[in-house]
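Novice: Just need the whole structure built from these sequences, with the hints factored in.
Chain residues, written in single-letter form:
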Amino acid sequence: MKKTIKWRAILLAFTTALALFYVLPSLPGFDVFPTWWQEHLPHEKLKLGLDLQGGMHLVLEVDADRAVENATERWAGEIKSAFGKEKISLEKIAREGQDRILLRISKPEQRDTASKVLSDFGVLDVSPTADPSEMLLTLKPKETKRLKEYAVRQCLETIRNRVDQFGVSEPQIVPEGERRIVVQLPGIKEPQRAVELIGKTALLEFKLVDERTNDGKVMQEALAGHLPPDTEILYQRTTDAKGNISSIPFLMQKKTLLTGDSITSAEVQIGTELNEPYVSLEFDRVGGKIFSDITGANVARRLAIILDNNIYSAPRINEKIPSGKAQITGRFTMEEARDLAIVLRAGALPAPVRIIANVTVGPSLGQDSISKGLRATLVGAALVVTFMIFYYRLSGVVADFALLLNIIMLIGALSWFRATLTLPGIAGIALTIGMAVDSNVLMFERIREELRLGKTPRSAIDTGYNKAFLTILDSHVTTLITAVVLFQFGTGPIKGFAVSLSLGVLINLYTALVGTKTVFDWMTTRSDMKTLSI
Amino acid sequence: MIELLGKTKIDFMGKRYYAFALSGILVLLGLFGLLQILRGHANMGIEFSGGTAVQLKFDGPVEVGKVREALAKANLPESNLQQFSDTSRVLIRVKKEFAEQARMLDQIQAALKQHLSGRGFVVEGSDEIGPAIGKGLRKAAAWAVIISIIGILVYVAWRFEFRFGVAATIATFHDVLAILGVMVLLGKEITLLVVTALLTLAGYSLTDTIVVFDRIRENLRSRRKDPLHVLINFSINEVLSRTIVTSLTVFLASLSLFFLGGEVLHDFSLGMSLGIIVGTYSSIFVASALLVEWHAQVRTKPARKRR
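Line by line, the protein sequences give chains A and B. All residue numbers for the first sequence refer to numbering that gives the first Met the number 0, where the first residue is 0 and numbers rise by one. All residue numbers for the second sequence refer to numbering that gives the first Met the number 0, where the first residue is 0 and numbers rise by one.
All clues stand as given, with none of them false.
Derived BS3-like pairs: lysine-lysine, alpha-carbon spacing no greater than 30 Å straight-line: (1) K144(A) <-> K254(A); (2) K516(A) <-> K454(A); (3) K46(A) <-> K138(B); (4) K115(A) <-> K84(A); (5) K188(A) <-> K94(B); (6) K371(A) <-> K65(B); (7) K138(B) <-> K494(A).
Keep in mind that the hints were calculated from the coordinates and are not lab data. Fair warning: this is a prediction, and the values are worked out from it, not measured in the lab.
Specialist: Okay, here's the thing in structure tokens:
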């Protein structure tokens with residue numbers, strides 16, 4: 000007996016000490032520990048959930064369907080060029096629905112040539128329609144699937160880029176399900192800016208303004224819905240100093256000449272004249288050449304810089320610009336310019352995202368939750384501890400000791416697993432405290448029963464433990480069942496609760512059975528006890 | 000030894016018909032609550048229904064009525080207003096159907112700025128949940144409850160015999176329904192935390208029931224001669240002390256959370272506290288009582304082999 004007591008005591012001491020190492024970093028005053036400690040021994044503080052440290056939790060849904068639509072449009076464009084090269088005249092080619100292209104050739108005799116050209120486009124299935132000069136092209140299902148997955152992945156990466164530049168510590172950006180992205184920004188100070196930064200599609204396009212935009216009659220027709228071929232209406236929305244929004248319509252040539260993909264850098268600069276910030280862009284080599292060609296061929300026309308289908312500015316081209324540099328000016332505040340530069344650098348989102356959930360917790364609220372939660376837990380613990388001593392006297396003290404070990408190990412375990420502590424998690428710890436002593440209560444009551452029957456303390460203790468063991472096991476398993484289910488189906492804070500409860504229950508099996516028993520065994524071997532303070 | 004109760008000889012099973020009546024009421028209450036939820040008439044949390052919730056801290060104590068007026072003046076739809084014990088803090092909740100307009104959050108802030116002139120406030124926290132999320136969560140919550148109940152049934156049926164398993168599961172069901180009914184009756188917001196409380200108390204109530212069942216099973220082996228209801232009575236009396244004390248310890252912790260834990264945990268701890276009481280009651284008056292009833296019915300059939 001004595002030997003096993005020694006080993007059990009050592010095991011207990013070891014596990015407690017181990018747990019303590021993991022608990023220490025979260026206690027105030029840890030910084031005084033020397034650097035060698037902080038490097039080689041556990042030094043990470045307990046991770047706090049957003050509800051405790053403040054921050055923002057966003058759930059974004061990627062409009063992957065749009066990505067497919069965009070791709071289909073691009074394919075339509077490529078087919079048009081390919082047909083043009085082979086001199087096949089097209090009467091019409093247009094996207095139908097999400098993943099289909101309907102085309103009509105003007106000369107039925109060119110059908111075979113057309114089919115040949117189309118066979119080069121592996122991702123499209125060609126099917127004839129009732130009309131012999133029409134062909135319906137459908138994007139292969141595998142390709143649509145791939146596009147959607149790619150879109151989500153790209154959005155994730157782009158958003159990650161943007162958030163990285165935003166400067167939040169320990170952001171978390173993870174995919175959820177097929178189309179959702181979860182973004183967690185702990186401790187963020189300007190949630191509004193973050194939301195705009197993340198949600199913006201940020202598609203930058205350069206298009207030429209159609210010269211007829213100054214023609215009142217044409218504009219009137221266009222605004223009524225009769226657009227000249229290959230044109231569209233886009234608006235320039237400006238907000239003046241008073242906050243009034245004005246929208247100026249422009250007649251634009253539809254063709255996108257350059258996009259943000261060709262940008263290698265975007266920096267904020269301050270204009271010398273009015274000290275107003277602007278964003279200076281630099282194109283890559285190919286983009287630079289295209290830009291040079293466009294500006295060279297269209298002097299005196301206006302080139303519009305469009306972000307998300309909104310015209311930022313439409314300056315007149317004064318001369319050919321070979322340098323591959325451009326400027327975006329507008330009424331920016333320093334912050335707006337900075338955010339625009341971030342978004343251009345990180346790139347456009349391949350598909351629009353929608354924010355479907357936004358939970359923001361201010362830091363004061365988080366702090367408040369921590370203090371209330373801790374206070375309630377401490378008071379609860381005090382009540383339980385006091386009751387145990389009062390009701391079970393010395394044995395109650397032993398149980399309380401086991402409870403203390405239990406808590407230390409629980410917090411240590413949370414730290415070790417890098418589990419996140421949330422407010423419900425703190426509640427879980429409080430409940431674990433109440434449930435932890437239950438194991439001891441069951442044992443003690445059984446021991447009391449045996450003592451009443453006249454057994455000796457040692458025999459009562461042994462029988463008590465043996466008989467109570469299975470009941471204790473059962474009760475822990477049932478609590479575990481619900482805790483595990485909660486972990487599976489719950490959201491962040493609930494998961495925190497489930498983790499606290501599960502770990503608490505598991506550790507309790509250990510401390511109650513190994514811990515308390517060891518102490519009792521030790522007590523009975525020391526002296527031949529006639530009575531047991533229970 | 001200090002004992003809360005000495006050797007008791009309460010005839011629990013004798014009173015079981017009163018208990019059935021009480022339990023019947025509780026279960027009906029619970030079913031009513033469930034019905035209300037399914038019909039959409041219950042106060043569901045924002046995470047289930049979708050919508051916007053914003054917690055504001057004003058520069059000083061503020062009258063809820065004035066806030067309501069300010070929102071009404073801005074034509075903002077019927078919103079749920081709650082004031083915290085710290086009277087400068089207000090929680091405004093607007094449910095899904097209305098919150099689909101862009102940025103209800105901005106509208107609320109603008110309305111307050113405009114119509115509650117001079118009162119400064121700070122947004123302490125906000126929840127904006129779209130309807131898609133709510134649907135997913137409702138499903139998850141329902142599944143969680145179903146799987147928990149199945150898990151419980153399977154486990155108890157495995158550890159004890161089938162009768163016990165069913166009785167324990169019914170008792171657990173009873174507890175969850177009772178507390179759900181009370182929460183709906185009190186008009187409490189049914190949030191994911193409340194569902195958590197329901198599931199946790201389900202697990203805990205089972206713990207309590209098992210303590211009693213263990214003793215019943217032990218006595219079934221050693222005291223075969225006694226009629227069942229006498230044996231069950233005896234068993235319950237034997238473990239009464241420990242049933243109450245184990246519940247008491249968790250009750251103390253849960254009560255502490257209720258009084259000191261803050262608003263977020265308030266409904267959760269209320270559910271837990273009431274649940275512990277009901278759980279203890281159900282171990283005696285529902286689970287064990289059902290065993291007696293079941294056996295009494297079985298008695299009329301040809302004698303079956305007792306395990």
